[in-house]
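**Student:** Following the hints, complete the assembly by docking chain B onto the known chain A.
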Amino acid sequence: MKLLSKLTLYNTLSKMAIVLLFIWLLPALVKDVAFQYTNYNLHEQEKKVLHTIDKNGIDYYFDGDSSYGSYTMLKEEYISLDANLAGMAHDTIETARRIIDKDTLQYRILTHVLRYKNKSYVLEIGKTLASIDQYNQPLQRVALYVLIALIALTLLIDLVFTRVLLRPLGLIIKTKLLNRKFPFRDEHPPVKTSTSDFKYLDNSLIDLMDKVKTAFEKERAFTSNASHELLTPLGILQNKMENLMGAEISEEAQEKIGGMMQTLNRLKKIVRSLLLIARIDNDQFVKKDRLLVKACVKDVLTELEDRIDASGIRVTQKINSSMILQGVNKDLLFQLIYNLVNNAIRYNKPNGSIDIREELETGKRYMLIIEDTGVGIDPKDLSHIFERFKKSGPAEGEGYGIGLSIVQSIAQYHAIDIRIASTPGSGTIISLVFPESLL
Amino acid sequence: MKVLIVEDERSMALEMEAFLKRAFYLCDLAYSAKAARDMMDNHPYNFILLDLGLPDQDGLLVLKEAKVKCPDASYIILTARGDLDDRIKGLDLGADDYLAKPFSLLELQSRMQAIARRKSGLNDNVVALGDFFVDLTRRIVLFEKTEVDLSRKEFDLLSYMLLHKNRPLTRLQLSEHIWGNFSDDDYDSNYIDVHVKNIRKKLSVFAEVDWLQTIRGTGYKIKC
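Keeping their order, the protein sequence lines are chains A and B. The numbering used here puts the first residue of the first sequence at 64, with every later residue one more than the last. The numbering used here puts the first residue of the second sequence at 19, with every later residue one more than the last.
The calculated PhoX-like cross-link candidates involving lysine-lysine, where the alpha carbons are at most 25 Å apart (straight line), are:
1. B:Lys241 - A:Lys319
2. B:Lys20 - A:Lys303
3. A:Lys319 - B:Lys183
4. A:Lys303 - B:Lys39
5. B:Lys171 - A:Lys357
6. A:Lys303 - B:Lys183
7. B:Lys215 - A:Lys319
8. A:Lys361 - B:Lys171
9. A:Lys69 - A:Lys237
10. A:Lys303 - B:Lys239
11. B:Lys107 - A:Lys350
12. A:Lys393 - B:Lys171
13. B:Lys107 - A:Lys393
14. A:Lys319 - B:Lys239
15. A:Lys332 - B:Lys171
Some, not all, of what chain B presents toward chain A, calculated at C-beta under 7 Å:
16. Lys119
17. Lys171
18. Pro186
19. Leu190
20. Thr236
Don't read these hints as lab results, they were simulated from the structure. From the three backbone atoms N, C-alpha and C, an ideal C-beta is built for every residue, glycine too.
In isolation and in its complexed conformation, chain A is listed as follows (with noise of 0.2 Å):
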């Protein structure tokens, strides 16, 4: 799961607990906030009460009579002044029924004990729960759709942050690791961000890979220099057995000194071959020319015609179109599939074939297609076949297994997909597939 869903369920799961806890209180805390409100103002009315009694005396309530009460027209508030017959001590507030012209209904009373010229009275002011009640509901809904609205808010504004927050993340991802190719030669500058972990990140990364480039750099520069200081002694070897084999000397002596020379030339084609990838990787060559692929197809055919015609192999060769590689190198290209024919030829089965073939999406990408009917590679050899000095198929000592490493290197210098897919025993299918900044 997404860092940015996984921030984001997390706010939305605990602001929805949030919710949950608040509607599940909200009942609650209205009526306790309506009871003390209630209370508030029972409080209020009987100081009105006792000052109007302070100012005007009893009498203004009972107007004679032993006792004074008042009601609203519908009874949700009343108003009751009795001399203190139950002898009530003090007071208190509370709810208990009431019996008012017949109807009996619950109240939120206030009882209050007075002394006024030596005689207890008792005051009740009461209000009816239901009228105290009848608000709550509506606020409920309120301050539910506000707290909605206000979560919705929030959730959203966390959303929009987070992904400013998290942007240089993946910016970090896609330059640094993304699209990367090795040995990692293009230059990305840090990203810009405020988040220290993003720049702790970010500076490691750039700095894992200048490592990594650096190691590179140094097997590179050793192999070049290492293949091009053993080319002049292996010229001079090479030379000397020459001579050597032109003079007057036995047969058994020539043989041997073929013996030589062919040990010798094992010798100096891997080193060419070390110092073609190293060149390659170097970025030596220059990447310039226009190549009709059907042209170059039909080069390397001719190339190889002998020995096709020698192994009896049926070559069938569909290329139509005519697509042009640009900015390429012709020679490296033509080797590429040179070396790919030439293995198509060499592992193949007496009486097999080889089909060349193209695909093209259109503005997309191009591919050759070369297909065999040989041996085909095993599927646990299929991740080793570009490492140098690995031979798949018959240990039979023809190669040296450099052939596929000159190919990748020369893929990978022309930003070429290879794909590779092969049945043991009835073929192999290669496709190169060539990006479209090729096209």
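**Tutor:** For chain B alone, coordinates are given in the frame of chain A:
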């Protein structure tokens, strides 16, 4: 034919000299750019074989100068330097060919011969071979005016063996000439046998080909 070998690796220069002498070339050796310059001042040369990695001066500069001093000579650049531009620069400066070290002396001679043939402008490059005639310019083999149908590679092979006649040639040397840098391994040299078999088959229709000898375990030789 007079050849100046400009090469600072003495043992390599000596091998080249030994080989070319046997092919009846007259050789002078120069181990430095300075020595080469002195020799060019004093002698005319048909061929100047020039190593680019000289100790005292860049070979390309020597070439530039030499083209003025000996404009008639043919130049072949020999180098182990990695720079691919060298080839283009060298050819731009007027070199006739370019060989990357390590090279085969047989190949060197073959290139020299090709240059000489090209420069002489003679169309008459027909060599007798047994009962056949090999026309190196038109690249055909004739038997009493009848053209023998050889493939391109078969002709290359035959003419190479002919150039180095009476010398045993290994399959490798032959395959290296035929496929050059594309010959990637021993596997290629197996095809040499196929080619030689075809050459024998195609020629023996007309006459004996006993001059094309197989050297057991090594390769082939044209004896004549």
